[in-house]
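Chemist: Residue strings, one per chain:
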Amino acid sequence: MNSPPEPTKLAQLQARFAAVLRGPGHDGAMADPALVAGIVDDGLAPAARLNLYRNNTRAMFVGALERSYPVIARRVGDGYFQRLAAEYRAAHPSRSCDLHWIGENFPAWLAVRLAGTEYAWLADLARLEWACEEVLVAADAPAIAIEALGGVAQEMLPEMRLRLQPALRCVNSAYPVWSVWRANQPDQPGDAIAADRGAEHVIVARADDRPVLHLRPEAEVRFVAALSSGAGLQQALENSCLPVEDLPQALAWLFQHGLVVALEAPAPGGEE
Amino acid sequence: MNRDVRAAGRGPVGPIPAVAGIGLRSAHHESLVRERPAVGWIEAHTENYFHDGGPQLLALERARALYPLSLHGVGLGLGSAAPIDREHLSRVKRAIDRFEPALVSEHACWGQSGGEHFNDLLPLPQTEEALRHLASRVREVQDVLGRQILIENLSSYLAFTSSQLTEWEFLSALVEESGCGLLLDVNNIFVNSVNLGLDPLQYIAGVPPAAVQEIHLAGHLRKQVGDRVLLIDDHGSTVCPEVWRLYETALRRFGPVPTLIEWDTDVPALEVLVAEAALADQYLERARELAA
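First to last, the protein sequences are chains A and B. Start counting the first sequence at 1; every next residue gets the next number (this note's numbering). Start counting the second sequence at 1; every next residue gets the next number (this note's numbering).
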């Protein structure tokens, strides 16, 4: 009902204006003549006025991306980060009225953009930083104690699902992302960590209103990831290759950190 | 749920008094609650409190328990030709239900085209077409929210040749057609007077007094562009003397109105904002005496 056959004058004007804002142009670039002709020229060129908006929207985008990915920005330096941000914006322009979410596709985009280069590992670092962003704004939920498991009948245990904190993310990486993240916090000197130092696997949770990064064994992180995607205990063990003898310790760790919010018996009627 | 926002103590819910308030910025979340400065109210950017949980929500909840609140949106882009983002609007509604603000505001601007959001406050031509469009959007939002909203005048770096109305005629007609109130940003009037050659006194004289329910004050930046100076509305410094004078004029016309000190770039210590608010309060006090 809101799509008339011809775009309205207002829609046309906004489409032209948008093309300028989107443009990779620099201050000397020629702006759309029809748009320029529609802007009052009182001695200061309309194109110069448009440039202010173009530069503003670009700065706004880059600034928001940098707030989501401060470690990457620090690690690669301002110039390279600006270039990456411009390319990323061309591929993934903002689709939300809320600036907070513009970095959502950055990890996946980086993975493709940097594949095969010496910076490929930055995509994993980006996944870790985005995990921190998500954890920071996820819902609050009260944790349950490990004693709750005692009330579950033995034969129900393999199918039992553990509902985990909304503020919890798992990042498995072949690179030392945890070490790089820690070394590049604002209060740290930013030591260079060699990317070939080895794999690190991280569970990101929230404590004291900040993201907290737990370095954990690979299989355990995969196990927690499986649980948080809804797998039952048995299924999560199989998916993650966590040795069954490590299960008690992995569960104890989750409960100790207040990361379990509910136990759910499998829904009758099988898989959801 | 020990941190359920709804479970918290609720601050005052009545109308915001005609005194000075300050914009709540995350840099001040802790100091505001600790120091409880004598400001009349606070204003928060609605979009910063869209989340499901976490420290940001908790901080506003704590501040809200101490001060009356205004929620100021920057994301709806009501003048965009594209349809309103209903998901965004429902999040605005959720924030309103959570925090019970006394005032809710947005801007006379557009922000998206062709599916891309520019996350900026972009200028509308002051045409009959834009007016009808914006008024219908404002009505749509007011219907969904079940309340009146205030619309803020924009700072702008350009004017369109197609404009048939002055800014103040446009705002007055918007009030008439949509039933919205106005959030008059006096700094934006001054910025536009320099950038676009408007007469700021005529602007203030042309706005319907009964509609003005809030005033914004902020600092701006002077930028040399070619051989001209343009004012950039960066909210990054103290209010300049010309804007204070204009504010005094505005208060003479509108009477004492809740007035906000906005500061978004290079946010200083809380005391600096509180001192600016105290200055605004002196103007408001004088306006009250004149009105008496």
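For the record, the hints were derived by calculation from the structure and aren't laboratory data. Do not take every clue at face value.
Below, a sample of chain A positions facing chain B; criterion: calculated Cβ distance under 10 Å [claimed, not checked]: (1) 14; (2) 17; (3) 158; (4) 161; (5) 208.
Ideal Cβ positions, reconstructed from N, Cα and C, are used throughout, including at glycine.
Chemist: Hints first: check each against the structure and report whether it holds.
Modeler: Results of checking the hints against the structure:
1. Contact between residue 14(A) and chain B, as hinted, is supported at the beta carbon level, the nearest pair being about 4 Å apart and thus within 10 Å.
2. The restraint placing residue 17(A) at the interface with chain B holds, with a minimum CB-CB distance near 7 Å, inside the 10 Å limit.
3. The beta carbon of residue 158(A) is not positioned within 10 Å of any beta carbon in chain B (closest approach about 30 Å), and the interface hint is therefore violated.
4. Here the hint on residue 161(A) is broken, as its CB sits about 21 Å from the closest CB of chain B, past 10 Å.
5. For residue 208(A), the interface hint holds, the least distance from its beta-carbon to any beta-carbon of chain B being 9 Å, beneath 10 Å.
In this structure, the earlier hints numbered 3 and 4 are contradicted, and the remaining ones agree with it.
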